[in-house]
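Q: Take a look at the letters that make up each chain.
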Amino acid sequence: DQQVKQNSPSLSVQEGRISILNCDYTNSMFDYFLWYKKYPAEGPTFLISISSIKDKNEDGRFTVFLNKSAKHLSLHIVPSQPGDSAVYFCAAVVQTGANNLFFGTGTRLTVIP
Amino acid sequence: DSGVTQTPKHLITATGQRVTLRCSPRSGDLSVYWYQQSLDQGLQFLIQYYNGEERAKGNILERFSAQQFPDLHSELNLSSLELGDSALYFCASSVGQLSRSPLHFGNGTRLTVT
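Chains as they are written, first to last, in the working numbering: chain A, 1 to 113; chain B, 114 to 227.
If you are wondering where the hints come from, they were derived from the structure by calculation, not from laboratory data. We put the beta carbon where it would ideally sit given N, CA and C, even for glycine. Accuracy of the hints is not assured; some may be wrong.
Stated by the list, open to error - Pulled from the structure, derived: some chain A residues nowhere near chain B, Cβ distances all over 12 Å: (1) 11; (2) 22; (3) 60; (4) 63; (5) 68; (6) 101.
Claimed, not checked - With a straight-line cut-off of 30 Å between C-alpha atoms, the simulated DSBU-like cross-links for lysine-lysine are: (7) A:71 - A:54; (8) B:122 - B:170; (9) A:5 - B:122; (10) A:56 - A:5; (11) B:170 - A:71; (12) A:54 - B:122; (13) A:54 - A:5; (14) B:170 - A:68; (15) A:71 - A:56; (16) A:54 - A:68.
Just chain B, same shape as in the assembly:
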């Protein structure tokens, strides 16, 4: 058990809809990362938060947004969903510098857009 909790595990929705994915980091971890894994693709970095502030952005679409709350949990909001957004979305957390504290991943949310 990595200590990172993601909900829900599975999500099925229709095109054009909006969904929210939730992540609770490991106790004590200040950084939260979101990754997307599409079929046969590696994990694509979306966005990172550190102690409530956005720290880095990757290949995140404008239709997607995220935030980290004072209790350090994070939410990833996906709107105007398209078929191509179907993927596994992983949340990961760390204490800080990745060389001192590797990322710990949750078990992911599988999103299916129909």
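Only chain A is shown next, with the shape it has when bound in the complex:
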């Protein structure tokens, strides 16, 4: 049972425009959410996170939005750069539980120069 879902396997965006990657979750107990970026032949690297007590967290060009009532979060990248081309994974955790991350299946972002 996939508790974290990324329904868009791929996304193409022009350089300089906004990239919006979406993620849905089913487990209402999740209280901390993370985004990871993965380049080919490398492991995922941490990008940005958000606690369930917030609805927005910003770090430079990256902003994560959380809508708890809809069990939905999104990652905005503005402006998008060719170096952002990678696979992006959404992940969620119940902090008081087993403390392991549940990952989505990933969205491959291609930023076109």
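Place chain B on chain A using the hints.
A: Same frame as chain A, but now just chain B:
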């Protein structure tokens, strides 16, 4: 460089065989996690160790086992291998609570079972 080291990078073996994947966590990290990524799948959590003790189990098959040694490195043992076990296996480490210290991943071991 995440500081997490996984060996080997690639492994090709036959069905029915047994392999061992090795992971050295970042210096100072006590928790080690193992994940499996099959084709077009997300990262599936297998097992977590904290300071030598098993802390949590995910979708890990009975044919698979793991351990964390006193020097904190970890090994994932896969036995009676099947074609469907072909996947990328990632190790990750953290200091402790994921909200304070996100997971840091190694570059993975690509296992091909023929």
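Q: Now tell me if each hint is right for this structure.
A: Here is how each hint holds up against the structure:
no.: 1; hint: 11; in the structure: holds, 16 Å
no.: 2; hint: 22; in the structure: holds, 15 Å
no.: 3; hint: 60; in the structure: holds, 16 Å
no.: 4; hint: 63; in the structure: holds, 17 Å
no.: 5; hint: 68; in the structure: holds, 16 Å
no.: 6; hint: 101; in the structure: violated, 6 Å
no.: 7; hint: A:71 - A:54; in the structure: holds, 13 Å
no.: 8; hint: B:122 - B:170; in the structure: holds, 24 Å
no.: 9; hint: A:5 - B:122; in the structure: holds, 28 Å
no.: 10; hint: A:56 - A:5; in the structure: holds, 20 Å
no.: 11; hint: B:170 - A:71; in the structure: holds, 25 Å
no.: 12; hint: A:54 - B:122; in the structure: violated, 39 Å
no.: 13; hint: A:54 - A:5; in the structure: holds, 21 Å
no.: 14; hint: B:170 - A:68; in the structure: holds, 27 Å
no.: 15; hint: A:71 - A:56; in the structure: holds, 14 Å
no.: 16; hint: A:54 - A:68; in the structure: holds, 9 Å
Hint compliance for this structure: hints 6, 12 are broken, all remaining hints hold.
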